[in-house]
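Enquirer: In case you want the letters, here they are:
Protein chains: 2
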Amino acid sequence: MDFLELIQKRRSVRLYSDRPVAKEDLLKCLEAARLAPSGCNSQPWHFIVIDEPGLRKRVAGRIFSGLYAMNKFAQKAPVLIAVVSEKEKFLASFGGQIRDTRYCLLDIGIACEHLILQAQELGIGSCWMGWFDEEALKEELKIPKNKKIDIVISLGFSDEEKVVPRKRKALAEISSFNAYI
Amino acid sequence: MDFLELIQKRRSVRLYSDRPVAKEDLLKCLEAARLAPSGCNSQPWHFIVIDEPGLRKRVAGRIFSGLYAMNKFAQKAPVLIAVVSEKEKFLASFGGQIRDTRYCLLDIGIACEHLILQAQELGIGSCWMGWFDEEALKEELKIPKNKKIDIVISLGFSDEEKVVPRKRKALAEISSFNAYI
Numbered sequence: 003m004d005f006l007e008l009i010q011k012r013r014s015v016r017l018y019s020d021r022p023v024a025k026e027d028l029l030k031c032l033e034a035a036r037l038a039p040s041g042c043n044s045q046p047w048h049f050i051v052i053d054e055p056g057l058r059k060r061v062a063g064r065i066f067s068g069l070y071a072m073n074k075f076a077q078k079a080p081v082l083i084a085v086v087s088e089k090e091k092f093l094a095s096f097g098g099q100i101r102d103t104r105y106c107l108l109d110i111g112i113a114c115e116h117l118i119l120q121a122q123e124l125g126i127g128s129c130w131m132g133w134f135d136e137e138a139l140k141e142e143l144k145i146p147k148n149k150k151i152d153i154v155i156s157l158g159f160s161d162e163e164k165v166v167p168r169k170r171k172a173l174a175e176i177s178s179f180n181a182y183i
Numbered sequence: 003m004d005f006l007e008l009i010q011k012r013r014s015v016r017l018y019s020d021r022p023v024a025k026e027d028l029l030k031c032l033e034a035a036r037l038a039p040s041g042c043n044s045q046p047w048h049f050i051v052i053d054e055p056g057l058r059k060r061v062a063g064r065i066f067s068g069l070y071a072m073n074k075f076a077q078k079a080p081v082l083i084a085v086v087s088e089k090e091k092f093l094a095s096f097g098g099q100i101r102d103t104r105y106c107l108l109d110i111g112i113a114c115e116h117l118i119l120q121a122q123e124l125g126i127g128s129c130w131m132g133w134f135d136e137e138a139l140k141e142e143l144k145i146p147k148n149k150k151i152d153i154v155i156s157l158g159f160s161d162e163e164k165v166v167p168r169k170r171k172a173l174a175e176i177s178s179f180n181a182y183i
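Chain order of the listed sequences is A and B.
Final position of the first sequence in this note's numbering is 183; the numbers increase by one with none missing.
Final position of the second sequence in this note's numbering is 183; the numbers increase by one with none missing.
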């Protein structure tokens, strides 16, 4: 499968089958994330894989309810991955302050997409989520309060029946040559 | 080439040959970026490909000099891509404010890595740069002052002779199962 095929196949999966995800596959996904580039090679990330059924059920029940019920579908995903944004190297953080950009978010975008595309290659569906009860998640996993968790990813085999066509802007709308048009 | 091989091959290339990059290849890279997922499907990006030699030389001469000379190597790259961070959809931006996260940066991380991995598959090297004179870039390309350009990517065929081993933290350092360790 070439790269364009792989990214064309990736979709946000919101309905999961009960089929568990093998630890070997999860490790391969983590390895893909590990190899991601980052500003000043900071690697400002920690991935917590939540696949122990009791814990996963408790965590998902809390972090995707109430105000966050929009992502309730993820309560049925066999695996959740909480991504802790870790400290960048001084130079990356200092440069980001001058440039008014939180580069570690870019880095996390890259690393998580590596993880997700690796999952896709293994036939495993996924969904990015930025909307969840972060405080409850920290409580459940005993993550210090000063840490930031920007992203949770759900993983599992898709049980969706139909593939909704992808909606994207046209190339001419998002790109131009030698001018800002 | 499988996905892990592709990401293992990707390196930051800082020495480029004179060989130009075909427009067809650039379009394929843009297409890979176009297909990237984003929060609420905002697609908050615009890619300006700078490959016209006169313009490229002038832009690169200005944005990678003085305080930004650290990235002077990019003056020799046959292509630069300036990535303008465009407006997110209201829901993405509002959710980001509540969650204290600029999700559009995550989105741009994803889309640019799609572009870079597609380039890699075509044998084209690249480098991420967050450190450049943004004001000069806006002036040269007549980009409105209120826009933000978080990233410039250089593209071209590598002229590097040796591949430096990749330094990454161990898997056990950046990940854990069912606990934050």
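Honestly, I wouldn't trust all of these hints.
Intra- or inter-copy, both count: the list cannot distinguish identical chains.
[Said to hold, decoys possible] Simulated crosslink set (DMTMM-like; lysine to aspartate or glutamate; CA at most 25 Å straight-line):
1. K150 / D102
2. K30 / E7
3. K89 / E175
4. K30 / D102
5. K164 / E175
6. K89 / E162
7. K149 / E163
8. K149 / D4
9. K164 / E142
10. K30 / E141
11. K171 / D20
12. K89 / E7
13. K140 / D102
14. K140 / E7
15. K30 / D4
16. K147 / E33
17. K78 / E163
18. K140 / D161
19. K149 / E137
20. K25 / E175
21. K11 / E26
Calculated from the structure, these hints are not laboratory results.
Enquirer: For every hint, state whether the structure bears it out.
Expert: Hint check:
Proximity of K150 to D102 under the C-alpha cut-off of 25 Å is found in both arrangements, the shortest distances being 18 Å within a copy and 10 Å between copies. Taking CA atoms no more than 25 Å apart as the test, K30 paired with E7 passes in both settings, with 20 Å inside one copy and 12 Å between copies. Taking CA atoms no more than 25 Å apart as the test, K89 paired with E175 passes between copies only; the shortest distance there is 13 Å, against 36 Å inside one copy. Taking identical chains as interchangeable, the C-alpha atoms of K30 and D102 are never at most 25 Å apart, the minima being 34 Å within one chain and 31 Å between chains.
In the homo-oligomer, the alpha carbons of K164 and E175 never lie at most 25 Å apart, since the shortest distance is 28 Å inside one protomer and 39 Å across protomers. Taking CA atoms no more than 25 Å apart as the test, K89 paired with E162 passes in neither setting, with 38 Å inside one copy and 31 Å between copies. For the homomeric pair K149 and E163, neither the shortest alpha-carbon distance inside one copy (38 Å) nor that between copies (41 Å) is at most 25 Å. Taking the shortest Cα distances, K149 and D4 never come within 25 Å of each other, neither inside one copy (37 Å) nor across copies (34 Å).
In this homomeric assembly, K164 and E142 never come within 25 Å of each other (Cα to Cα): the closest approach is 35 Å inside a single copy and 47 Å across copies. Taking the shortest Cα distances, K30 and E141 never come within 25 Å of each other, neither inside one copy (28 Å) nor across copies (44 Å). Taking identical chains as interchangeable, the C-alpha atoms of K171 and D20 are never at most 25 Å apart, the minima being 35 Å within one chain and 33 Å between chains. In this homomeric assembly, K89 and E7 never come within 25 Å of each other (Cα to Cα): the closest approach is 34 Å inside a single copy and 28 Å across copies.
Taking CA atoms no more than 25 Å apart as the test, K140 paired with D102 passes between copies only; the shortest distance there is 16 Å, against 27 Å inside one copy. Taking the closest pair of Cα atoms, K140 and E7 never come within 25 Å of each other, the shortest separation being 37 Å inside a single copy and 35 Å across copies. In this assembly of identical chains, the alpha carbons of K30 and D4 lie at most 25 Å apart whether taken from the same copy (18 Å) or from different copies (12 Å). When the C-alpha separation of K147 and E33 is checked against a cutoff of 25 Å, the pair qualifies neither within a copy, at 27 Å, nor between copies, at 40 Å.
Taking the shortest alpha-carbon separations for K78 and E163, only the intra-copy value of 16 Å comes in at or below 25 Å, while the best inter-copy value is 50 Å. In the homo-oligomer, the alpha carbons of K140 and D161 never lie at most 25 Å apart, since the shortest distance is 30 Å inside one protomer and 47 Å across protomers. Taking identical chains as interchangeable, the C-alpha atoms of K149 and E137 lie at most 25 Å apart only when both belong to the same chain, with a minimum of 10 Å there against 33 Å between chains. Taking identical chains as interchangeable, the C-alpha atoms of K25 and E175 lie at most 25 Å apart only when they sit on different chains, with a minimum of 17 Å there against 41 Å within one chain.
Taking the shortest alpha-carbon separations for K11 and E26, both the intra-copy value of 22 Å and the inter-copy value of 22 Å come in at or below 25 Å.
Checked against the numbered hints given earlier, this structure breaks hints 4, 5, 6, 7, 8, 9, 10, 11, 12, 14, 16, 18; the rest are met.
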